[in-house]
Amino acid sequence: MHGLTYFSTSLTPRGTEAALWLLLVLPLLGALACGALALRASGRAPGAPKPAVYRPAALDRLAGVIAVVAVIATFLAGAAMVFGQLLPLPPGERLLRSPVGSASLFTIGGIRASFGLFMDPLAAVMVLLVSGLGALIHLYAARYMRDDPAQPRFFAFLNLFVAAMLLLVLGDGLLPLFFGWEGVGVCSYFLIGFWHRKPAAVGAATKAFIVNRVGDVALLLGVGLTVWGLANVGTRPGEIGVLQVESRESAPSVSARTSGEGPGVARRRPARRIPVGPTLSFSEMRDEIGVEIALPPTVVRPAGAPADVHAYPARTLIARMTVAGLPLSFVACVLIFLGAAGKSAQIPFSAWLPDAMAGPTPVSALIHAATMVTAGVYLFARLGFLFALSPGAVTVVVVGGTLTALGAAGAALFQSDLKRVLAYSTVSQLGYMFAATAGGGSSGIFHVVTHGFFKAALFLAAGVIIHAVEERLHARGREAAGDEAQDLPTMRELGGLAGALPWTRWAYFVACLALAGFPIASGFYSKDQIFAAVATAPNLLVSPPLVLGALAVTSFLTACYAFRSYYFAFSGTAARASGTAGEPASRSEPVPPGGSTAHASSESRLLAGVVLALGVGALVAGPLLGWPRNWTASHATPALDAFLEPVFAGNFGAVPPVEVPPALEWGLQAAGLGVAVLGFLVARRLYGRRAAATAAAPSGAFTRFLAGGGGLDTAYRLLAVRPVLALARAMAWVDQRIIDRAVDGVAAAGVAVARFTGLFDRHVVDGAVNGASAGVVAAGRQAARLQSGRLNLYIVLLAAGVAGTVVLVYFFSS
Amino acid sequence: MTGGTSGSLAVIGLRHFVVLSAVLFTLGLTTVATRRNAVAILMGIELILNAAALNFVAFAHYGHGAITGQVFAVFVVVLAAAEAAVALAIVLSVYRSFRAIDVTRLDTLKD
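Residue numbers (my numbering), protein chains in the order written: chain P, 1 to 814; chain R, 1 to 111.
Mixed in with the good hints there might be a few duds.
[Stated by the list, open to error] Short derived list, chain P residues pointing at chain R, Cβ under 8 Å: (1) Arg790; (2) Ile795; (3) Ala799.
[As the list claims (entries may be wrong)] Take a look, some chain P residues computed to stay more than 10 Å from chain R by CB distance: (4) Arg40; (5) Arg197; (6) Leu221; (7) Gln736.
[Claimed, not checked] Over the 12 Å line for every Cβ pair with chain R, so calculated as not near, a few chain P residues: (8) Leu406; (9) Val660; (10) Leu712; (11) Val743; (12) Phe756.
It is worth saying that the hints were derived from the structure and are not from the lab.
C-beta: ideal position from N, C-alpha, C; glycine also.
Work out the full structure: start from the sequences and follow the hints.
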């Protein structure tokens, strides 16, 4: 009855108060400080010639310290809240709310938009994962980016990334979630394109951004549809009704304790009133939709409403609504799935993630392991109650995830670039997590956690490997760091690093074990839970064995490509080298004296330490959090599952989750182990002997199709890029040929008219004015001649005038 | 204007006065117009004034017989005296400035 108690707490508007805002403010402060340093750096000598070897100033390196401290502080604060405040609460009441920010921001119609934060077990897991892995990755990045002159900008965005992701997981409602969602997208854009002088990075950043936008549109539509649906379940469209709920259950111990009664006393708890209507808040939405499952509701007449108006549980009405002939819940969920697919790089939006490798390696680790791509999975978990309404939508998600997992695993097998292998691996593993939504349980989140550890370990190890190989390849006069910006080494240039990087090698090996699904490491446990969830999925419209089969094949491929990459990186000798394995001095390239021997052998302790820590995490996270039920005598629920159960309790529709029979579970585990071992053996046979040529570019048409990501890029080009470019070209043509010409014509006509007016002005108007003045001057000059100064003449003229006047008067007067 | 006048010249009538006045006026005007000496011009002005005064008296006498004309003549004489005084002062002043009383040289205001 965890679900019941969960609802009883979430029906009460207030959880326990906690300073959740602190988790957002700390990384934000770090981002601001680093941003200030970045501004200071950008203001420095803009036109100065670039020095041959740029040494970042001490202040620039300070950015790394600030960023690391900020994220570690965030992690510590988050851990303190989770372990200090959340865990001591009884399981059914584990909900923290932030007193800051829960006030209403604005109200549109009946929708109250607030920036409230809350932390339930799901958010707690995500917070610990994001800030914990984030802290390790930051630590790694501070060392890794040590020589990059632009590192303040890097760390500003890295911190902002963490802040946005925390907002995403902590927000109680679609408004803060969407802010975090977009913040993560923006930061990923800036970080993928961090080396903005490299066209590939800029292209990848733009691609990631645009593909994400397309998904975001779908997400917005889905959310809008959901809210619209809720708006129509009130008493009247847009009106908020009140749902009265009475419990006929015996009071659980939790509420009994708080009310001072003994446990197990059957009683009628006071009726709870749940507002029904449009809302953006997750907890309110969940109350409205999920309450019918948890507590039998009583339909009542809202206060002040006409006699014939009642409020119904939203679930009942939403299930009846249709949009364009399809069930509303189906359409909304599929749209939300598309949004999540955009962020989590699933078919049809999977192509941006492999390209995102153009960013610095710590960014790849952060995006892939802890943040961003897991946002889609988190969204499914958060809105599980919505998906429970629509088996069709769940089927879409599961099929999409399974296809992505299979296709991406195939693509990963044929990549020639180490980081691209890992990128496709991420896409593939995310496919697993999507498939895990089938059960409506916590297995997807479990896989998020384990995957976070082993994928971060793999990526950071890859960063170490790339550095080592670059130093080996470019020991001669390569510019300082930041030039990872140039082409990454392909896998054929790897090899023989086992001796140079012993610690990294073991961490990588362990992470590969986890990725492949060996029971010794964590991936096995989460994958096992996913298999079980699919096998027992209550509302899947496709055959579960089919999905399971596809996932098993994926597991086989996963083991293959994981160990392929491992063998290419570490086993054998350096590529095309004549020396023996493990001897870094025996490179084929001539090494300048004193050049890179020190480099190659100096596996940075900090980097290796972080990778090792993650490797250990990859090893223990799975058994610790998800020790299988059938491995214990008491059939105990795995730790993480138990912790998350209240969150997922309302997600199962009318059908309660099926307990996995032990026999089935044993079978699934055996199968998972079997395909993993098989994949390992195949990889060992194919690549263990280091036939370097087999890593050559894929030759067959099918492998090339797979290596290219299943033709998605081609599809984008045909369906989106080309039409858009053609449209742009057509618009440019119209602009240049028609609009510009019209504008030019108008301008030319204006000029002509102006010229004519000028002529008229100059010659006619000015002529008249000048003529008048010239006439006056001339007349004056003539008249001035009378003013001779000769008195006699004046007299004569006077007399003549008088005489003339007399004559005139004489002749003309009558 | 023809009252009291006969066609003959035997009797002294209005016509004689008018003719005399006209002659006087003409002489005065001619003097004013032609002489360059400022004092001579003043003398010409006196002729003109007296021609006018003569006309006043003649017309008054032959008109209605009252003494209006004579009164005007007296005024004219007084005015002429005043005018002469002022004018001679001006001439004196001009002489001081120009060391001459030739009116053709008094053209410095022209420009």
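To see whether the hints hold, each was checked on the structure:
At a threshold of 8 Å, the smallest CB-CB gap from Arg790 (chain P) to chain R is about 6 Å, leaving the interface hint in force. Look at Ile795 (chain P): its Cβ gets to within about 5 Å of chain R, closer than 8 Å, so that hint holds up. About 6 Å separates the beta-carbon of Ala799 (chain P) from the nearest beta-carbon of chain R, less than 8 Å, and the hint is met. The beta carbon of Arg40 (chain P) is kept farther than 10 Å from every beta carbon of chain R, the shortest such distance being approximately 77 Å.
At roughly 82 Å, the least C-beta separation between Arg197 (chain P) and chain R is larger than 10 Å, which holds for a residue marked as non-interface. Consistency note on Leu221 (chain P): stated as away from chain R, and its beta-carbon is indeed over 10 Å from all of that chain's, at 94 Å minimum. A cut-off of 10 Å between C-beta atoms confirms that Gln736 (chain P) is not in contact with chain R; the least separation is 70 Å. No beta-carbon of chain R comes within 12 Å of the beta-carbon of Leu406 (chain P); the shortest separation is about 112 Å.
A cut-off of 12 Å between C-beta atoms confirms that Val660 (chain P) is not in contact with chain R; the least separation is 126 Å. Distance check on Leu712 (chain P): its Cβ is at least 99 Å (rounded) from any Cβ of chain R, clearing the 12 Å threshold; non-interface status holds. Every CB of chain R is more than 12 Å from the CB of Val743 (chain P) (nearest about 61 Å), matching its label as outside the interface. A cut-off of 12 Å between C-beta atoms confirms that Phe756 (chain P) is not in contact with chain R; the least separation is 45 Å.
Violated hints for the displayed structure: none, as all numbered hints are satisfied.
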